[in-house]
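So for the sequence shown, the UniProt record's numbering puts the first residue at 1; every next one is plus one.
Please keep in mind that the hints were generated in silico from the structure rather than gathered at the bench.
Quick reminder that beta carbons are idealized off the backbone N, C-alpha and C, glycines included.
Some clues are possibly wrong.
Between beta-carbon pairs, the in silico distance windows are [stated by the list, open to error]:
#, residue 1, residue 2, range
1, Ile91, Met51, 29 to 35 Å
2, Tyr23, Gly58, 45 to 51 Å
3, Glu43, Arg22, 15 to 21 Å
4, Lys49, Gln89, 27 to 33 Å
Capping the alpha-carbon separation at 30 Å, the derived lysine-lysine pairs in BS3-like fashion look like this [to be verified]:
#, residue 1, residue 2
5, Lys82, Lys15
6, Lys82, Lys93
7, Lys14, Lys93
8, Lys74, Lys15
9, Lys71, Lys14
10, Lys93, Lys15
11, Lys93, Lys49
12, Lys19, Lys71
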Amino acid sequence: MLQKLLVSNQKKDKKSFEKFLRYLLVGAVGLSCVLAILAVTLEVESFSKGMLVGMGVGFLIISGRIFWILKHPKLLNEEYIKTYDERNQEIRKSLGWLVR
Numbered sequence: 001m002l003q004k005l006l007v008s009n010q011k012k013d014k015k016s017f018e019k020f021l022r023y024l025l026v027g028a029v030g031l032s033c034v035l036a037i038l039a040v041t042l043e044v045e046s047f048s049k050g051m052l053v054g055m056g057v058g059f060l061i062i063s064g065r066i067f068w069i070l071k072h073p074k075l076l077n078e079e080y081i082k083t084y085d086e087r088n089q090e091i092r093k094s095l096g097w098l099v100r
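Given only the sequences and the hints, what does the whole structure look like? Please build it.
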């Protein structure tokens with residue numbers, strides 16, 4: 001799922017890729033905080049609270065993964081290669097009809 005978020009139309013250099021990951025990290029942490037606050041403050045059914053908490057935990061897990069990648073340069077390089085490798089992009093394009 002992370003790779004679907006990262007792939008864009010044009011290839012980025014490693015510095016801008018890292019900067020984009022930092023923006024994703026801040027956004028995911030922000031969304032998880034907002035969802036946690038909404039789950040506590042809103043007077044909604046337990047199903048809705050559970051959904052808000054679940055989405056917040058999901059965004060927190062994604063932000064943890066991004067943070068881990070940013071702290072380890074070897075993992076950052078591997079993720080960069082996985083994201084912008086031409087072979088992987090062709091495979092994703094050819095199998096794109098399966099995931100739509």
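Here is how each hint holds up against the structure:
1. Against the hinted window of 29 to 35 Å, the Cβ-Cβ separation of Ile91 and Met51 comes to about 33 Å, which satisfies the hint.
2. Tyr23 and Gly58 have their C-beta atoms about 18 Å apart, which leaves the hinted 45 to 51 Å range violated.
3. Under the hint 15 to 21 Å, the C-beta atoms of Glu43 and Arg22, about 36 Å apart, miss the expected range.
4. Take Lys49 and Gln89: their Cβ atoms lie about 40 Å apart, and the range 27 to 33 Å is violated.
5. For the given pair, Lys82 sits about 16 Å from Lys15 by alpha-carbon distance, which is consistent with the 30 Å threshold.
6. A C-alpha spacing of about 14 Å is found between Lys82 and Lys93, which places the hinted pair at or below 30 Å, so the restraint holds.
7. For the suggested pair Lys14 and Lys93, the alpha carbons sit about 23 Å apart, so the restraint of at most 30 Å is met.
8. For the proposed pair Lys74 and Lys15, the alpha carbon gap of about 14 Å is at most 30 Å, so the pair holds.
9. About 14 Å separates the Cα atoms of Lys71 and Lys14, which keeps this hinted pair within 30 Å; it holds.
10. With a CA separation close to 26 Å, the supplied pair Lys93 and Lys15 stays within the 30 Å bound.
11. A threshold of 30 Å between alpha carbons decides the hint, and for Lys93 with Lys49 the separation of about 37 Å lies outside it, so the pair is violated.
12. The suggested pairing of Lys19 with Lys71 holds, with an alpha-carbon distance near 13 Å, which does not exceed 30 Å.
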